[in-house]
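S.K.: Residues per chain are reported as follows:
2 protein chains.
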Amino acid sequence: MLTVLTVREAQRRIINSLKGKLTEIETISVEKSLGRAVAKDVIAPYMLPPFARSTMDGFAVRAADTFGASDSIPALLKLKGNILMGQEPPGSLEPGEAMEIPTGGMIPAGGDSVVMLEHCEIIGDQVAVYRPAAPFDNTIQVGDDFKKGELVIPSGRSIRSQDIGILSSMGVLQLKVYSRPRVVIFSTGDEIIPPWMEPKPGQIRDINGSALAALTEESGGIPDYRGIIKDDKITLHQAVLEALDEADIVLISGGSSVGTRDVAVKVIDELPGGGVFFHGVSMKPGKPLIYGTSDSIPIFGLSGNPVSALFSFLLFVRPALRVMQGLSPFPPFVPYVEARLDTNLSSPGGREDYIRVSLYEGSNSGKEGDNNIRARPIFGGAGLLSTMVKGDGYFIIPRDTEGLPEGEKVKVYIY
Amino acid sequence: MLTVLTVREAQRRIINSLKGKLTEIETISVEKSLGRAVAKDVIAPYMLPPFARSTMDGFAVRAADTFGASDSIPALLKLKGNILMGQEPPGSLEPGEAMEIPTGGMIPAGGDSVVMLEHCEIIGDQVAVYRPAAPFDNTIQVGDDFKKGELVIPSGRSIRSQDIGILSSMGVLQLKVYSRPRVVIFSTGDEIIPPWMEPKPGQIRDINGSALAALTEESGGIPDYRGIIKDDKITLHQAVLEALDEADIVLISGGSSVGTRDVAVKVIDELPGGGVFFHGVSMKPGKPLIYGTSDSIPIFGLSGNPVSALFSFLLFVRPALRVMQGLSPFPPFVPYVEARLDTNLSSPGGREDYIRVSLYEGSNSGKEGDNNIRARPIFGGAGLLSTMVKGDGYFIIPRDTEGLPEGEKVKVYIY
Chain H
1 MLTVLTVREA QRRIINSLKG KLTEIETISV EKSLGRAVAK DVIAPYMLPP FARSTMDGFA
61 VRAADTFGAS DSIPALLKLK GNILMGQEPP GSLEPGEAME IPTGGMIPAG GDSVVMLEHC
121 EIIGDQVAVY RPAAPFDNTI QVGDDFKKGE LVIPSGRSIR SQDIGILSSM GVLQLKVYSR
181 PRVVIFSTGD EIIPPWMEPK PGQIRDINGS ALAALTEESG GIPDYRGIIK DDKITLHQAV
241 LEALDEADIV LISGGSSVGT RDVAVKVIDE LPGGGVFFHG VSMKPGKPLI YGTSDSIPIF
301 GLSGNPVSAL FSFLLFVRPA LRVMQGLSPF PPFVPYVEAR LDTNLSSPGG REDYIRVSLY
361 EGSNSGKEGD NNIRARPIFG GAGLLSTMVK GDGYFIIPRD TEGLPEGEKV KVYIY
Chain R
1001 MLTVLTVREA QRRIINSLKG KLTEIETISV EKSLGRAVAK DVIAPYMLPP FARSTMDGFA
1061 VRAADTFGAS DSIPALLKLK GNILMGQEPP GSLEPGEAME IPTGGMIPAG GDSVVMLEHC
1121 EIIGDQVAVY RPAAPFDNTI QVGDDFKKGE LVIPSGRSIR SQDIGILSSM GVLQLKVYSR
1181 PRVVIFSTGD EIIPPWMEPK PGQIRDINGS ALAALTEESG GIPDYRGIIK DDKITLHQAV
1241 LEALDEADIV LISGGSSVGT RDVAVKVIDE LPGGGVFFHG VSMKPGKPLI YGTSDSIPIF
1301 GLSGNPVSAL FSFLLFVRPA LRVMQGLSPF PPFVPYVEAR LDTNLSSPGG REDYIRVSLY
1361 EGSNSGKEGD NNIRARPIFG GAGLLSTMVK GDGYFIIPRD TEGLPEGEKV KVYIY
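Chains H and R, in that order, give the protein sequences. For reference, each letter of the first sequence is one residue, going 1 to 415 in my numbering. For reference, each letter of the second sequence is one residue, going 1001 to 1415 in my numbering.
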């Protein structure tokens, strides 16, 4: 049962185990949809914009009427009237005619372009146009944003501010999204007490419960923190069994000793329809991850060491939360800050090393492409959460690399 | 009044105008503090951890007793007992003694290190130790996370998951933070109707109201969208006047025509204690930004063009929201994805160009440091929000650059 997998292989097995395990689809108001995962393609119900608009203050014209116009020989057009914002133009534009139009105004039928105010002059009931217009100049045409039937927002994308704007512009007020997965969180450990209690010698306050709840929230889940469970097989079994009624995902953190880890493994293995998929990942921190399911509900056994638990969340729980909402396990493009390592760093190889760093502005090395940003590793074991609190992010030393020299470029993921 | 500023200068003037304009300080529960801006340094109230702990299952020893131990000549120590999780050790460790200890167990007085279980053997009432320990081996010492009085979280930082964890571990349950700024949002324009209405010819549904509300929320503010106001000086004046009673920031979007822009400028200038600081920024999109204050409450006049309004928000409103919560105007390190431009691109120079792009995986160019990611510009004016909906992010062509060749590396900020 104790197979130590690579990070990639562990992620693959988790994702495979969740095939088809989507949360329920619910309908929510577009206004409240920021960050939510779209469950059904949104198709443009009509052309957007539905009418051609001017992007300038000026005169709506038929471009052909202005060909060859210049300062010395302006095109003289009949001023047919004034287009008002939010209103239909006063009739259509016949050859030889122009209408005054504000930015955002509706282009009249027959008109195809707008000449800027600065290049026109009203002379009596005529307009002198001093510049030629090409068709569509200074206009937004019907369907320039989206054509009727075009895919506007595909399912499997999470909603951004601009998406909310475009949905509003189409009159879409409600949206089908995947429910936020409910994540039941347990802390285990006989030494762990709630944050509001005063520790006696040998006791420490729970760190992981609140931090994992915050990560869950940040990752689109609904945290359901159920407190501290004794390191005891029967108690944990009972608590997890109850959780499974409501949970989409169960997180059990704690149990860093071999004995307590074994308890978590046995509990997961003995749940109804339960089984441990793997135990151990070749990474540091985060090696003692346990993953299993019970009736296809995923259960993660995270280390009691907070740094380890938090990295396991980022690398394994977050992708699971995404997949259950119909998203790709990883965002297609994850942003980073490139920095130069400010010291030599060794790594034993054979595992991925997640190095926590502080970033700072250094002096320019003179190397090509240098942005002056330096990364200073923060050393300390998986039990020291200060290594994450004091730092700005992390970079990865791959499995096949035994160390990096000072000055090496690394991609730092901000947390 | 119409001074077109550089982006940097416009940001500087906005930030300067907000000196000392912090929102109220409120006390909130640490559990609910994710993303909130800390208003008061958090100092470690005692050593963290408050006692030395083991990071391994093994035996607590005095390192000096194990010097020279080897497989052939183990150190033989008296087994004094068993340390239980969450409990005080059964007495102190005298020279020549060892105690069994689980991971996370409390190191007994007199002990300074732990030898792993694998390197020890219990023989009757003795422990044979086959490896020497150095002082502090396999332990976390008192104060290794934070020393008493050490700065844990400085004011001016926003709270992350790991910060919530460390606060919990210190028994800190409440936190002083700056209130979320209330952002009153108006859309103006005689052609604008609410998203739930059916547009008549010449009318369009409000895009900016909902998108700006979402950006506000994402940036830590509380959106207070007050709907659509007629493009009329008296109506707008009255609406803004009422808003100022409750607003920390006022956003007026709309008015892309010269006439309506003038209305916004006049309204801001004629408010009590009011004044327009500048009007126009040398960037595209986003040029027609108006900035002013009334009795030192910042008021932004954003373009009616949605792309323009959204970029103005990102570049100017978001820094203002940060500053009012005691944060630096910009995060110290903003992550990005480096990509190679997949086409030649010209830019007129003299302004910053914000180019919306789609990212995709290309084939490797063979160039050093190439990550295969390509950026394809999405062309279209500031009136076409589809340029942001279809894209992944943007990069900036600086003012002094007149274009970029295909293959050039650009930093894409994901949105």
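Hints listed in this document are in silico derivations from the structure and should not be mistaken for laboratory results. We treat Cβ as the ideally placed atom computed from N, Cα and C, and that holds for glycine. Among the hints, a few may not be true.
Said to hold, decoys possible - Footprint (simulated), chain H over chain R, 3 or more residues, beta carbon under 8 Å:
#1 1030-1044
#2 1137-1146
#3 1186-1192
#4 1209-1220
#5 1286-1294
#6 1343-1349
#7 1398-1405
To be verified - In silico DSS-like links for lysine-lysine, alpha-carbon gap of 27 Å or less:
#8 H:200 <-> H:32
#9 H:411 <-> R:1021
#10 R:1200 <-> H:411
#11 H:176 <-> R:1390
#12 R:1148 <-> H:200
#13 H:148 <-> R:1032
#14 H:147 <-> R:1284
#15 H:32 <-> R:1390
#16 H:147 <-> H:21
#17 R:1148 <-> R:1176
#18 H:148 <-> R:1200
#19 R:1176 <-> H:40
#20 H:32 <-> R:1147
#21 R:1409 <-> H:409
#22 H:147 <-> R:1148
#23 R:1411 <-> H:147
#24 H:176 <-> H:200
Claimed, not checked - Partial pick of chain H residues on the chain R-facing surface, computed with a CB cut under 10 Å:
#25 51
#26 85
#27 130
#28 134
#29 206
#30 209
#31 224
#32 270
#33 272
#34 363
#35 393
S.K.: Does each hint hold? Answer for all of them.
M.R.: Right, here's what the structure says about each hint:
1. 1030-1044: This one holds; 3 residues, not fewer than the three required, reach chain H with a Cβ under 8 Å.
2. 1137-1146: n = 4 at 8 Å, threshold three: holds.
3. 1186-1192: n = 4 at 8 Å, threshold three: holds.
4. 1209-1220: With 9 residues close enough to chain H, the hint holds.
5. 1286-1294: Our answer is that it is violated, as 0 residues pass the Cβ test (under 8 Å) against chain H, missing three.
6. 1343-1349: violated (count 0)
7. 1398-1405: violated (count 0)
8. H:200 <-> H:32: Answer violated: residue 200 (chain H) to residue 32 (chain H) is near 45 Å, above 27 Å.
9. H:411 <-> R:1021: Between residue 411 (chain H) and residue 1021 (chain R) the Cα gap is close to 36 Å, so the pair fails against 27 Å, i.e. violated.
10. R:1200 <-> H:411: 52 Å, violated
11. H:176 <-> R:1390: 20 Å, holds
12. R:1148 <-> H:200: Roughly 18 Å between the alpha carbons, so the hint for residue 1148 (chain R) and residue 200 (chain H) holds.
13. H:148 <-> R:1032: 43 Å, violated
14. H:147 <-> R:1284: At roughly 25 Å apart (the allowed maximum being 27 Å), residue 1284 (chain R) and residue 147 (chain H) satisfy the hint.
15. H:32 <-> R:1390: Given that 27 Å is the threshold and the Cα spacing comes to 21 Å, the pair holds.
16. H:147 <-> H:21: Answer violated: residue 147 (chain H) to residue 21 (chain H) is near 34 Å, above 27 Å.
17. R:1148 <-> R:1176: With Cα atoms ~20 Å apart, residue 1148 (chain R) and residue 1176 (chain R) stay inside 27 Å; holds.
18. H:148 <-> R:1200: 18 Å, holds
19. R:1176 <-> H:40: Not OK: residue 1176 (chain R) and residue 40 (chain H) at ~41 Å, beyond 27 Å, violated.
20. H:32 <-> R:1147: Violated - the C-alpha atoms of residue 1147 (chain R) and residue 32 (chain H) are around 43 Å apart, more than 27 Å.
21. R:1409 <-> H:409: 16 Å, holds
22. H:147 <-> R:1148: 63 Å, violated
23. R:1411 <-> H:147: 31 Å, violated
24. H:176 <-> H:200: Outside the cut-off at roughly 50 Å; violated.
25. 51: Given a least distance of 6 Å, the restraint on residue 51 (chain H) holds.
26. 85: This interface hint holds because 4 Å falls under the 10 Å limit.
27. 130: With a minimum Cβ separation of about 18 Å from chain R (threshold 10 Å), the hint on residue 130 (chain H) is violated.
28. 134: 15 Å, violated
29. 206: Check passed: Cβ of residue 206 (chain H) comes within 6 Å of chain R, closer than 10 Å.
30. 209: The hint holds - residue 209 (chain H) has a Cβ within 10 Å of chain R, the shortest such distance being about 7 Å.
31. 224: The hint is violated - residue 224 (chain H) has no Cβ within 10 Å of chain R, the shortest such distance being about 13 Å.
32. 270: It is violated, given that the least Cβ distance between residue 270 (chain H) and chain R is near 23 Å, above 10 Å.
33. 272: Given a least distance of 29 Å, the restraint on residue 272 (chain H) is violated.
34. 363: For residue 363 (chain H), the interface hint is violated, since the closest Cβ of chain R sits about 17 Å away, which is over 10 Å.
35. 393: This interface hint holds because 8 Å falls under the 10 Å limit.
The structure fails hints 5, 6, 7, 8, 9, 10, 13, 16, 19, 20, 22, 23, 24, 27, 28, 31, 32, 33 and 34 (numbered hints given earlier, in ascending order).
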